[in-house]
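There are 2 protein chains.
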Amino acid sequence: MRTLIVSGYGVKIAVEKGVLKVVNGKEKLSVNLVDLEQIVIVTSGVSITSKAVRSIIYHGVDLVFLNHRGEPIGRVYPPYINRTVNTRRMQYLAYLNGKGAKIAKVTAECKLRNQAGLLRRFSRNTGDRELKVMAYEILKYVDEVRNLNGSLEKIRGEIVSIEAKAARIYWPMVAKLLPENIGFQGREQDGFDPFNIALNYGYGILYSESWKALVLAGLDPYAGFIHADRSGKPTLSFDFVEMFRCSIVDFVLLKMFRKRWKPRVENGILDYKSRAEIAKNIIEGFERKVRIQGEPLTLRQAMKRAAFNLASFIRGDSSLFKGFVEDW
Amino acid sequence: MRTLIVSGYGVKIAVEKGVLKVVNGKEKLSVNLVDLEQIVIVTSGVSITSKAVRSIIYHGVDLVFLNHRGEPIGRVYPPYINRTVNTRRMQYLAYLNGKGAKIAKVTAECKLRNQAGLLRRFSRNTGDRELKVMAYEILKYVDEVRNLNGSLEKIRGEIVSIEAKAARIYWPMVAKLLPENIGFQGREQDGFDPFNIALNYGYGILYSESWKALVLAGLDPYAGFIHADRSGKPTLSFDFVEMFRCSIVDFVLLKMFRKRWKPRVENGILDYKSRAEIAKNIIEGFERKVRIQGEPLTLRQAMKRAAFNLASFIRGDSSLFKGFVEDW
Numbered sequence: 001m002r003t004l005i006v007s008g009y010g011v012k013i014a015v016e017k018g019v020l021k022v023v024n025g026k027e028k029l030s031v032n033l034v035d036l037e038q039i040v041i042v043t044s045g046v047s048i049t050s051k052a053v054r055s056i057i058y059h060g061v062d063l064v065f066l067n068h069r070g071e072p073i074g075r076v077y078p079p080y081i082n083r084t085v086n087t088r089r090m091q092y093l094a095y096l097n098g099k100g101a102k103i104a105k106v107t108a109e110c111k112l113r114n115q116a117g118l119l120r121r122f123s124r125n126t127g128d129r130e131l132k133v134m135a136y137e138i139l140k141y142v143d144e145v146r147n148l149n150g151s152l153e154k155i156r157g158e159i160v161s162i163e164a165k166a167a168r169i170y171w172p173m174v175a176k177l178l179p180e181n182i183g184f185q186g187r188e189q190d191g192f193d194p195f196n197i198a199l200n201y202g203y204g205i206l207y208s209e210s211w212k213a214l215v216l217a218g219l220d221p222y223a224g225f226i227h228a229d230r231s232g233k234p235t236l237s238f239d240f241v242e243m244f245r246c247s248i249v250d251f252v253l254l255k256m257f258r259k260r261w262k263p264r265v266e267n268g269i270l271d272y273k274s275r276a277e278i279a280k281n282i283i284e285g286f287e288r289k290v291r292i293q294g295e296p297l298t299l300r301q302a303m304k305r306a307a308f309n310l311a312s313f314i315r316g317d318s319s320l321f322k323g324f325v326e327d328w
Numbered sequence: 001m002r003t004l005i006v007s008g009y010g011v012k013i014a015v016e017k018g019v020l021k022v023v024n025g026k027e028k029l030s031v032n033l034v035d036l037e038q039i040v041i042v043t044s045g046v047s048i049t050s051k052a053v054r055s056i057i058y059h060g061v062d063l064v065f066l067n068h069r070g071e072p073i074g075r076v077y078p079p080y081i082n083r084t085v086n087t088r089r090m091q092y093l094a095y096l097n098g099k100g101a102k103i104a105k106v107t108a109e110c111k112l113r114n115q116a117g118l119l120r121r122f123s124r125n126t127g128d129r130e131l132k133v134m135a136y137e138i139l140k141y142v143d144e145v146r147n148l149n150g151s152l153e154k155i156r157g158e159i160v161s162i163e164a165k166a167a168r169i170y171w172p173m174v175a176k177l178l179p180e181n182i183g184f185q186g187r188e189q190d191g192f193d194p195f196n197i198a199l200n201y202g203y204g205i206l207y208s209e210s211w212k213a214l215v216l217a218g219l220d221p222y223a224g225f226i227h228a229d230r231s232g233k234p235t236l237s238f239d240f241v242e243m244f245r246c247s248i249v250d251f252v253l254l255k256m257f258r259k260r261w262k263p264r265v266e267n268g269i270l271d272y273k274s275r276a277e278i279a280k281n282i283i284e285g286f287e288r289k290v291r292i293q294g295e296p297l298t299l300r301q302a303m304k305r306a307a308f309n310l311a312s313f314i315r316g317d318s319s320l321f322k323g324f325v326e327d328w
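Chain order of the listed sequences is A and B.
So in this note's numbering, the last spot in the first sequence is 328, and the numbers never skip.
So in this note's numbering, the last spot in the second sequence is 328, and the numbers never skip.
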C-alpha cells in the first residue's frame with residue numbers, strides 16, 4: 001500500500017502525462033500514478049485540478065480527503081467497479097451470505113482471546129494464579145463461539161450473550177488488579193467511578209482510530225455485523241474495536257492505575273489534565289510493539305493491517321479473516 | 001435538484017464562509033452551498049481547493065467529475081451515510097429483498113407497453129390493422145409479467161422468457177414496416193443487414209446516455225436486476241435501456257428507413273457518414289417532446305426523471321417505481 005500524504009497550505013496538485021506533480025512553492029514532487037495506491041489530502045490548503053482527479057481515477061488510485069481533525073470525510077469513487085467500490089458492495093452483501101457470520105465469530109473470538117491474554121499477562125507479573133485460571137475459563141467460551149452455526153441474524157444474539165458471560169469473569173479480575181480505593185465494581189458504561197470514566201474516555205480515542213483505519217481500508221464503518229445495522233451508527237467500528245479494547249485501552253489504564261495514578265473527576269467528567277494524561281498514554285500505547293503470530297508490529301500497524309485484511313476478506317481477495325490477537 | 005455545472009479552463013473553485021466561489025478570470029460566481037444538490041465538473045481545466053471539497057461534503061452536496069466524453073467518472077462520497085451512499089447500499093440490498101423483483105417487473109412491463117405503443121402508433125399512421133392486433137397480443141404479456149411472484153432469482157428467467165415471446169411478435173411487425181429491400185428478418189445482435197447494424201449503433205448511444213443518467217442519480221450502473229449481476233458489466237444500464245429502446249432508437253430508425261434512408265455498410269461496419277446521420281437523428285430524438293401520464297417532457301428529461309425515480313424508490317423515499325411509458 002503506497003500512500004501519498006499531501007498537507008500544507010498553497011500546495012497544488014496537477015498532472016502531466018500521467019505523472020502527478022505536487023508543487024509547494026519552490027518544492028516540487030513528481031510521483032508516477034502507477035506507483036500509488038492512495039492519496040490522502042490532509043489540510044484545507046491544497047488545490048487539485050480536475051485533470052489530476054481524472055487521471056487519479058483512471059489509474060485506480062484512491063483519493064481521500066480528511067477534515068481538520070484528521071478523519072477521512074470524503075473519497076472519490078468511480079462509477080465502475082474498482083477495489084473500493086467492490087469492497088463496499090461485498091460488505092453490504094456479506095450481511096446476507098455466510099461471510100458476515102464468519103467475521104462476527106472471528107471478531108468475538110479475538111476479543112475473548114485478548115481478554116484471556118491480558119489476564120495471563122498480569123498473572124505472570126503478579127504471580128496471582130487465579131488470573132490464569134480465569135483466563136482459561138474465558139478461553140472455554142472461544143470454543144462456544146467457534147461452534148456457532150447459522151446465519152448472522154441467528155448467531156448475533158448468541159455471540160452477544162457469550163461475550164456477556166466472559167465479561168462476568170473478565171471484569172472482576174480487572175477489579176482485583178486495581179487498587180482497592182478506586183471503587184471499581186465492574187464495567188458499567190454509565191459508572192461514576194474513576195476507572196469506568198477513564199475506560200469510556202480511552203475507548204473514545206480507540207473508536208476514532210478504528211473508524212479511520214476502516215474508512216481508509218475502503219470499508220463502510222456504518223455497516224457492522226455483530227452490532228445490528230442501526231442506520232447512522234458506526235456499527236462496524238463497534239465490532240472492530242472489540243478486538244483492540246484490551247491491548248489499547250484496558251492494558252494501558254490498568255498499568256496507569258496500578259502505579260497509583262488517579263484521574264480527577266468533577267461531576268462525573270474527567271478534568272482537562274486527566275484527559276490529557278490518558279490520551280498521551282493511549283496514543284503512546286499505539287506505538288507499543290506487540291507480536292502477532294510471532295511477527296513484531298506496533299499496535300497502530302496491527303490495526304491498519306487488520307482493517308485491510310478485513311476489507312480483502314470481504315472482497316474475496318483473501319480467504320481468511322485473521323482478526324487481531326496479541327501474543328500476550 | 002439544483003445542479004451547478006462547472007466547465008472551462010483556468011476556473012477555480014474555492015469556498016469562503018460556506019459560500020462557493022467559482023472564479024473564471026474576472027468573472028466570479030457565488031453560490032450558497034445550502035442551495036445546491038449537485039456540482040458537476042465537466043472539463044479538465046478546473047481546480048478545486050481541499051477546503052471547498054470539505055465544505056461541499058459537509059453540506060451533503062454531490063460532487064461529480066466527468067471525463068472528456070462527458071461521462072461521469074468519479075464522485076466524492078463521505079464515509080457516513082448520506083443520500084448517495086444510502087442509494088448504493090439500498091441498491092445492493094434490493095437484490096435480496098422484494099424491491100429488486102419489483103423493479104425487474106416494472107422495467108419489463110414498460111418495455112412491453114412501449115413495444116405495443118410503437119406498433120399502435122404506426123397502425124394509426126399506416127392504417128394497417130394487423131399492427132394494432134399484434135399490439136394487443138404484446139399487451140397480454142404485461143399481465144403475465146404482473147402475475148409473476150417470488151424472488152428476483154426465481155422470476156428473472158421468467159421475465160426474460162416472456163420478453164422473448166413478445167419479441168417474436170414485435171420484430172416481425174417492425175420488419176413489415178420496413179421497406180422490403182432492407183432484408184431485415186428480425187432482431188439479431190450479430191445480424192449483417194443494415195437495420196440490425198443501425199439498431200446496434202443506436203442502442204450504443206442509448207446505453208451511454210442511460211449510463212450517465214443512472215450514475216448522476218447516484219446508482220451503480222453495474223448492479224442490475226433482470227440482467228444477472230455479472231461483475232464488470234453495466235447490468236443496471238442493460239435493464240434501464242429496455243424501457244427506452246422503442247422511443248429513442250426503434251422509432252427514430254423506423255422513421256429514417258421508411259423515408260428510404262439507407263446506411264452504407266462496409267464489411268459489416270457503418271461508414272462514417274451513416275454513423276453521423278444516425279447519431280444526429282437519435283440525439284435530436286432525445287429532445288422530442290413526449291407525454292408521460294399526460295405530462296409533456298423531452299425524452300432526455302423523461303430519462304433523467306426515471307433514473308432519479310428509480311434511485312428514490314430504491315432508497316425508499318418514493319413508494320412507487322413508475323418506470324417509463326410513453327403515451328404513444
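Just so you know, these hints were derived from the structure itself, not from any lab.
It is possible that some hints are incorrect.
Which copy? The list can't say, so a pair holds if one copy fits it or any two copies do.
Stated by the list, open to error - Below, simulated DSS-like cross-link-like pairs (lysine-lysine); rule was C-alpha separation at most 25 Å, straight line: (1) Lys176 <-> Lys132; (2) Lys165 <-> Lys259; (3) Lys289 <-> Lys17; (4) Lys140 <-> Lys262; (5) Lys51 <-> Lys21; (6) Lys273 <-> Lys132.
For each hint, the structure was consulted:
no.	hint	verdict
1	Lys176 <-> Lys132	within (13 Å within a copy, 87 Å between copies)
2	Lys165 <-> Lys259	neither (29 Å within a copy, 81 Å between copies)
3	Lys289 <-> Lys17	neither (42 Å within a copy, 44 Å between copies)
4	Lys140 <-> Lys262	neither (34 Å within a copy, 79 Å between copies)
5	Lys51 <-> Lys21	both (12 Å within a copy, 19 Å between copies)
6	Lys273 <-> Lys132	neither (35 Å within a copy, 84 Å between copies)
Consistency with the previously given hints fails for numbers 2, 3, 4, 6, ordered from lowest to highest.
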